[in-house]
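Could you put the whole structure together from the sequences, leaning on the hints where they help?
There are 2 protein chains.
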Amino acid sequence: MSEIAERLLAGEQRALSRLITLLERGDPAAAEAMKAVDGHTGRAYTVGITGPPGSGKSTIVDQLTQLVRETGSSVGIIAVDPTSPFSGGALLGDRIRMQRHYLDSGVFIRSVATRGQTGGLPRIVKSMVRALDAAGTDLILVETVGVGQTELGIISVADTVVVALNPESGDAIQTLKAGVMEIADVYVVNKADREGADQMAMAITGMLHLASVSPEWSPPVLLTAALTGQGIQDLWMKIQDHREFLTTSGGLEDRRGKQRKREFLEAVEEVLAQRLRNKVANDPDLNATLEKVAAKETDPYSAALEYLESSLFSSDWLNAQ
Amino acid sequence: MSEIAERLLAGEQRALSRLITLLERGDPAAAEAMKAVDGHTGRAYTVGITGPPGSGKSTIVDQLTQLVRETGSSVGIIAVDPTSPFSGGALLGDRIRMQRHYLDSGVFIRSVATRGQTGGLPRIVKSMVRALDAAGTDLILVETVGVGQTELGIISVADTVVVALNPESGDAIQTLKAGVMEIADVYVVNKADREGADQMAMAITGMLHLASVSPEWSPPVLLTAALTGQGIQDLWMKIQDHREFLTTSGGLEDRRGKQRKREFLEAVEEVLAQRLRNKVANDPDLNATLEKVAAKETDPYSAALEYLESSLFSSDWLNAQ
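The listed protein sequences correspond, in order, to chains A and B.
So the first sequence is numbered by the numbering used here: it starts at 975 and just counts up by one.
So the second sequence is numbered by the numbering used here: it starts at 975 and just counts up by one.
Calculated from the structure, these hints are not laboratory results.
Fair warning: there could be bad hints in the mix.
Which copy is meant is left open, so a pair is good if it fits within one copy or across any two.
As the list claims (entries may be wrong) - With a straight-line cut-off of 20 Å between C-alpha atoms, the simulated SDA-like cross-links for lysine to any residue are:
#, residue 1, residue 2
1, Lys1009, Glu986
2, Lys1266, Glu1169
3, Lys1235, Leu1279
4, Lys1253, Leu1279
5, Lys1009, Leu1279
6, Lys1212, Glu986
7, Lys1266, Glu1227
8, Lys1253, Leu1282
9, Lys1253, Ser1284
10, Lys1266, Arg1236
11, Lys1232, Leu1201
12, Lys1232, His1014
13, Lys1009, Gly1231
14, Lys1253, Glu1243
15, Lys1009, Val1245
16, Lys1253, Glu1283
17, Lys1235, Ala1255
18, Lys1266, Ala1010
Predicted, not measured: the structure shown is a model, and the values here were computed from it.
What follows is the structure in structure tokens.
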């Protein structure tokens, strides 16, 4: 086993930081260490917190961290940041709010920029969760910022998914469209002091009755005011209830197994795409094709099909539809 | 040439709708028609309008459409909707606002949902732009909603990129981080009546002086109040100035050639990933591997590398690093 893997398993925070840096660089040593520590994971519990911008996710993470630290458990925080050009100044504020935990050695905080990544949650987040787990972290909080695929991707890494909503964002039904109801284990209507919070909570509860996604687990709908800490204790209890439910029903093992399978398939695609890019970058015929496409002698899609069917790509499976 | 391609080139709106439906379904007839009409494109001008939620992009599109229709030119509108679970009720309002154009046969409107797509602008948007172009549309407006990759992807389809900003979103410098300055040809600070609009415009202008991205084209920074139409005439003039600049400098041809090259490379990756998924779905050995990954006998990434190096994937280029 590599030195870094050994130090990680011994719980050394510096080894954890180092491994994450290696992961970010795509260093082969990181893959080697991840392979070595993989069998030592599974003890940590991972909670994903997602929701629209302005729903107070970071404040919820901050308050949950505070609460859990009082029990002596260690906490790892991964903030997934799509680094949108338009994210505004909120992130800076979040960082400032979180700074009370920076000096606490029982809290490990790391942001991941996902700009330039394809949809879903990037593989590095999954590796970071596994690294934190291997290093002996008790609770891992993964916060996904922004909108779209990255949020829904939280299901690929979290044991419990908390969806935070903002009563000021308007129509609860619109807020809940497109996939969120399939992934939410706990709903939080944050900013409970604002107008519309109760109505939003009731609307969600009503929709849950109609949808009845899971017969065994009814996602609770909580009201919080994360800035003051109101409702956070209750949220933590519901997260523990959900953990208990998953553990006793066998759902936890099932969920984690599915996550690993999906990660494998995504990795196959990722590595293949990367090799394709290398291949393409070194292909002398490619330039001629590109110039033909640019000059409208052929359309891009047809040209792509022809290129893939050319002799260079003649393996049977590549040409199989 | 297929019947649909012929009818499209004759400018039949129903053929256009039909082709787009075929594109959405991934019907091979669509690819065939796109191939046939490709050489007949290039006459339309494409303006991309992007920016954060709430910056009034749809209102700007609506007002530009109104203005351009008064000159008799036809307009195609493509609203790219990442179908985020959290997009709120804004889209519905946008649709209602646009309805005055629905009865105008000189305006073609279509939304594209991009949920489930990987980063950047999905290929279907590029095909739709090309189909509108082939059908004789004069001006094509592509609006991208949401945050992240989809916005920056607008550069892969637009001749002129308009970035709309909202003075209420706060710090202009934060708003402009990460890639937007490289793609913006025209800046619009919308809601010019709100506090901070002038300051934001000045801050952007100041940053542009420092950055000086293109020595030949200085992106203008405009103040608009799209709801009342204020500043829209000026925006339209600046778009035409930019078109003139691109045309006389040779930049238009260069930009479009680059877009086509990029589209080709993306199509190669897309088709290959799709074939890989088919391959994987029909591989009898795969289940055993998946179960090993789920049971933590091997970690997902190492397993992916091993799978790709197995005899099934023995083509030289696949194994080349």
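So, going through the hints one by one against the coordinates:
With identical chains, the CA atoms of Lys1009 and Glu986 are at most 20 Å apart within one copy only, with a shortest distance of 18 Å there and 58 Å across copies. Taking the closest pair of Cα atoms, Lys1266 and Glu1169 never come within 20 Å of each other, the shortest separation being 59 Å inside a single copy and 51 Å across copies. In this homomeric assembly, Lys1235 and Leu1279 come within 20 Å of each other (Cα to Cα) only across copies, at 14 Å, whereas the closest approach inside a single copy is 30 Å. When the C-alpha separation of Lys1253 and Leu1279 is checked against a cutoff of 20 Å, the pair qualifies both within a copy, at 16 Å, and between copies, at 17 Å.
Taking the closest pair of Cα atoms, Lys1009 and Leu1279 come within 20 Å of each other only across two copies (12 Å); inside a single copy the shortest separation is 36 Å, beyond that limit. Taking the shortest alpha-carbon separations for Lys1212 and Glu986, neither the intra-copy value of 31 Å nor the inter-copy value of 58 Å comes in at or below 20 Å. Taking the shortest Cα distances, Lys1266 and Glu1227 sit within 20 Å of each other only across copies (14 Å), while inside one copy they are farther apart (52 Å). Taking CA atoms no more than 20 Å apart as the test, Lys1253 paired with Leu1282 passes in both settings, with 12 Å inside one copy and 15 Å between copies.
In this assembly of identical chains, Lys1253 and Ser1284 lie within 20 Å of each other by CA distance both inside one copy and across copies; the values are 14 Å within and 19 Å between. In this assembly of identical chains, the alpha carbons of Lys1266 and Arg1236 lie at most 20 Å apart only when taken from different copies (13 Å versus 38 Å within one copy). When the C-alpha separation of Lys1232 and Leu1201 is checked against a cutoff of 20 Å, the pair qualifies neither within a copy, at 35 Å, nor between copies, at 48 Å. For the identical chains of this complex, Lys1232 and His1014 are intra-copy neighbours only, at 18 Å inside a copy versus 48 Å across copies, given an alpha-carbon limit of 20 Å.
In this homomeric assembly, Lys1009 and Gly1231 come within 20 Å of each other (Cα to Cα) only inside a single copy, at 16 Å, whereas the closest approach across copies is 44 Å. Proximity of Lys1253 and Glu1243 under a CA criterion of 20 Å is satisfied in both settings, with 15 Å inside one chain copy and 11 Å between copies. In this assembly of identical chains, Lys1009 and Val1245 lie within 20 Å of each other by CA distance solely inside one copy; the values are 16 Å within and 30 Å between copies. For the homomeric pair Lys1253 and Glu1283, the shortest alpha-carbon distances inside one copy (15 Å) and between copies (16 Å) are both at most 20 Å.
Taking the shortest alpha-carbon separations for Lys1235 and Ala1255, only the inter-copy value of 13 Å comes in at or below 20 Å, while the best intra-copy value is 30 Å. Within a single copy, Lys1266 and Ala1010 get their C-alpha atoms only as close as 48 Å, which misses the 20 Å cut-off; across copies the closest is 15 Å, which meets it.
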